[in-house]
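A.B. asks: Given next are the chains, with one letter for each unit.
Protein chains: 2
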Amino acid sequence: MPTASDKIPVAQLREFITACFIKLGLPPDDAATCGRLMAEAEAQGSDGHGAIRVIPYARRIRAGGMNVTPNIRVVKDKAAMALIDGDNGMGHLVMKRATEIAIDKAKQCGVAWVGSVNSNHAGPASLYPRMALSHGMIGLYFAVGNANHLPPWGGLDMLLSTNPIACAIPAHEEPPIVLDMATTVAAYGKVKAKAARGEAMPVGWMIDRSGQPLTDPKRAGEGFLLPIGGYKGYGLALVIGILAGTVNGAAMGSETIDFNADDVTPTNTGQAICVIDPDAFGDGHEFKRKVDELIREMRGSARMPGVERIWLPGEQSHEKRLRNEREGIALPPALLASLEVFAREIGVAHL
Amino acid sequence: MPTASDKIPVAQLREFITACFIKLGLPPDDAATCGRLMAEAEAQGSDGHGAIRVIPYARRIRAGGMNVTPNIRVVKDKAAMALIDGDNGMGHLVMKRATEIAIDKAKQCGVAWVGSVNSNHAGPASLYPRMALSHGMIGLYFAVGNANHLPPWGGLDMLLSTNPIACAIPAHEEPPIVLDMATTVAAYGKVKAKAARGEAMPVGWMIDRSGQPLTDPKRAGEGFLLPIGGYKGYGLALVIGILAGTVNGAAMGSETIDFNADDVTPTNTGQAICVIDPDAFGDGHEFKRKVDELIREMRGSARMPGVERIWLPGEQSHEKRLRNEREGIALPPALLASLEVFAREIGVAHL
Numbered sequence: 030m031p032t033a034s035d036k037i038p039v040a041q042l043r044e045f046i047t048a049c050f051i052k053l054g055l056p057p058d059d060a061a062t063c064g065r066l067m068a069e070a071e072a073q074g075s076d077g078h079g080a081i082r083v084i085p086y087a088r089r090i091r092a093g094g095m096n097v098t099p100n101i102r103v104v105k106d107k108a109a110m111a112l113i114d115g116d117n118g119m120g121h122l123v124m125k126r127a128t129e130i131a132i133d134k135a136k137q138c139g140v141a142w143v144g145s146v147n148s149n150h151a152g153p154a155s156l157y158p159r160m161a162l163s164h165g166m167i168g169l170y171f172a173v174g175n176a177n178h179l180p181p182w183g184g185l186d187m188l189l190s191t192n193p194i195a196c197a198i199p200a201h202e203e204p205p206i207v208l209d210m211a212t213t214v215a216a217y218g219k220v221k222a223k224a225a226r227g228e229a230m231p232v233g234w235m236i237d238r239s240g241q242p243l244t245d246p247k248r249a250g251e252g253f254l255l256p257i258g259g260y261k262g263y264g265l266a267l268v269i270g271i272l273a274g275t276v277n278g279a280a281m282g283s284e285t286i287d288f289n290a291d292d293v294t295p296t297n298t299g300q301a302i303c304v305i306d307p308d309a310f311g312d313g314h315e316f317k318r319k320v321d322e323l324i325r326e327m328r329g330s331a332r333m334p335g336v337e338r339i340w341l342p343g344e345q346s347h348e349k350r351l352r353n354e355r356e357g358i359a360l361p362p363a364l365l366a367s368l369e370v371f372a373r374e375i376g377v378a379h380l
Numbered sequence: 030m031p032t033a034s035d036k037i038p039v040a041q042l043r044e045f046i047t048a049c050f051i052k053l054g055l056p057p058d059d060a061a062t063c064g065r066l067m068a069e070a071e072a073q074g075s076d077g078h079g080a081i082r083v084i085p086y087a088r089r090i091r092a093g094g095m096n097v098t099p100n101i102r103v104v105k106d107k108a109a110m111a112l113i114d115g116d117n118g119m120g121h122l123v124m125k126r127a128t129e130i131a132i133d134k135a136k137q138c139g140v141a142w143v144g145s146v147n148s149n150h151a152g153p154a155s156l157y158p159r160m161a162l163s164h165g166m167i168g169l170y171f172a173v174g175n176a177n178h179l180p181p182w183g184g185l186d187m188l189l190s191t192n193p194i195a196c197a198i199p200a201h202e203e204p205p206i207v208l209d210m211a212t213t214v215a216a217y218g219k220v221k222a223k224a225a226r227g228e229a230m231p232v233g234w235m236i237d238r239s240g241q242p243l244t245d246p247k248r249a250g251e252g253f254l255l256p257i258g259g260y261k262g263y264g265l266a267l268v269i270g271i272l273a274g275t276v277n278g279a280a281m282g283s284e285t286i287d288f289n290a291d292d293v294t295p296t297n298t299g300q301a302i303c304v305i306d307p308d309a310f311g312d313g314h315e316f317k318r319k320v321d322e323l324i325r326e327m328r329g330s331a332r333m334p335g336v337e338r339i340w341l342p343g344e345q346s347h348e349k350r351l352r353n354e355r356e357g358i359a360l361p362p363a364l365l366a367s368l369e370v371f372a373r374e375i376g377v378a379h380l
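Residue numbers (my numbering), protein chains in the order written: chain A, 30 to 380; chain B, 30 to 380.
Simulated from the structure, these hints should not be mistaken for lab results.
There may be inaccurate statements among the hints.
Any copy, or any two copies together, can satisfy a pair, since identical chains are not distinguished.
Unchecked claim - Result set (DSS-like, lysine-lysine): computed pairs, CA atoms no more than 30 Å apart in a straight line:
id : residue 1 : residue 2
1  : Lys349    : Lys223
2  : Lys105    : Lys136
3  : Lys105    : Lys317
4  : Lys36     : Lys52
5  : Lys317    : Lys52
6  : Lys219    : Lys317
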């Protein structure tokens, strides 16, 4: 267990990641954007999308699978939409740009939708809708995941990813509501964690190829993640994938590249961000006050026995972010050790 | 069991419902819109939203809880959005108008979003996004349900409805993809059907107030529907409700009126329709061809033992619609009998 003194300030993690990306060939501004967003992901507790991704991204860049100096540009444009070609650059750069454009267009049109093509993995889904919050706006995000773990309902061929949906809604005095969910009951990372601890999985996380519950995480390769609500989650994953991928001319279904197994083939990842300006529909301040009321109403509900607190979506991430910004982030020792080796290898001062 | 000769042509059902609404005081054009959309709901198998709703809607109208001659009007307008005040009219009229405006704006702007306030229950969620299909466009729909059946995750107070999301995506040669789902594992109607047949519910549909599985449908009043994916479905229901309700100034959370229990208080229902023009993002025809490919890929997946066919979202409704348009609709005898009594009472020729 790392002690408090092992904790790493968020700014230090941000600078470390930035330095790594500069060494990998990204222009300093782009490296800083990636460093900032990946440190932000780590700080909010999205630990599958923070420091742990530095080495896989680097591996892809060094294998030639990702463009470090992309020409990210608008290729389609109408009043309330744009399509951004990411030129196979880091997804963080593509979706930061896409979201900025969506915010500007939503100020004019009330609502705007910007899609990406030739993008890449962009970290946790919540990062981009959250960008709308400081403008008093709502962000809604859809993405095609970068590995297929889900068959169509009743099927055996893994043709779908756990395509996530995220939504960020500003409040007045309360923390914002930030939903960020994959369309499967459990994420693959949770299965791996159960295997590492030698624990069984609950019924409902996975099924085997005959449709029976699969609870031994060591047998995960023999089965599939279960979509939320059964056929409903399959339908959601499909529809989200079409909105984020097919509409934009990005990969979907069997075209999806497994970015864990293949470092070279461009992923042609697609994402979509929709920004909604509550001020266009009424009084933006009054809207945020009503969101406060709803939050307090949910939190104030009578509780089931044993439930200590009712959480709002994103509230736990919000508290983690505040704590980590104050106290620093405790990275797992094994991750720290591998980052130290990596830093030495590419010639960056270690974390 | 009704025989084939008992089947009612869709046109006959449409005309019957239209005649009822004219008798109830709606202008003939508005009555015809309600008749057409409710018959369409019945034809596609949304039998909880078709003929069965005639009497409850009539009860509400006669109690003064719904305005038969509403002044449905645009109260907010920007290039890519509008807010429609439904003036407490039938939700079908409000959302048909809202969707027409969204389609027109999406032709100009690429994407458009129209919300409703002072609306009412509008039938199955899929009706409105499906209107975009004949324009080669995608429809995405969110609504606040008209009765709260869902507590926040871990809570006991029913503060949320099973707020649905629906999405309709055009294909080229294949039937369109039409997702229409509530955010709970089972709909309340399914619970009632189990009770009527004296069957137990599967674990996962409902829990009791201590969080234990509830499988006796006669005890449904002692528990709650479970959201899909646990806390994920709670988050989805909350976020959908804010997008469809709070943004528009419509009811949400504890403000929701239970339209089964209260025929008088205006429901101030909120809905939102977003229309996306694939032609703005690329070649609309090529998009539909890619959707065909995806559909065939899903359908062609290897199958689990015992699975005869892999369905796409909306495919079963599509087949039902074709069959019912060809053969007519078999309404349950009890419903037919109650409609006959109702028809006599208001002076309409019975079905």
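A.B. asks: Check the structure against each numbered hint from earlier and tell me which ones fail, lowest number first.
C.D. replies: 5 and 6
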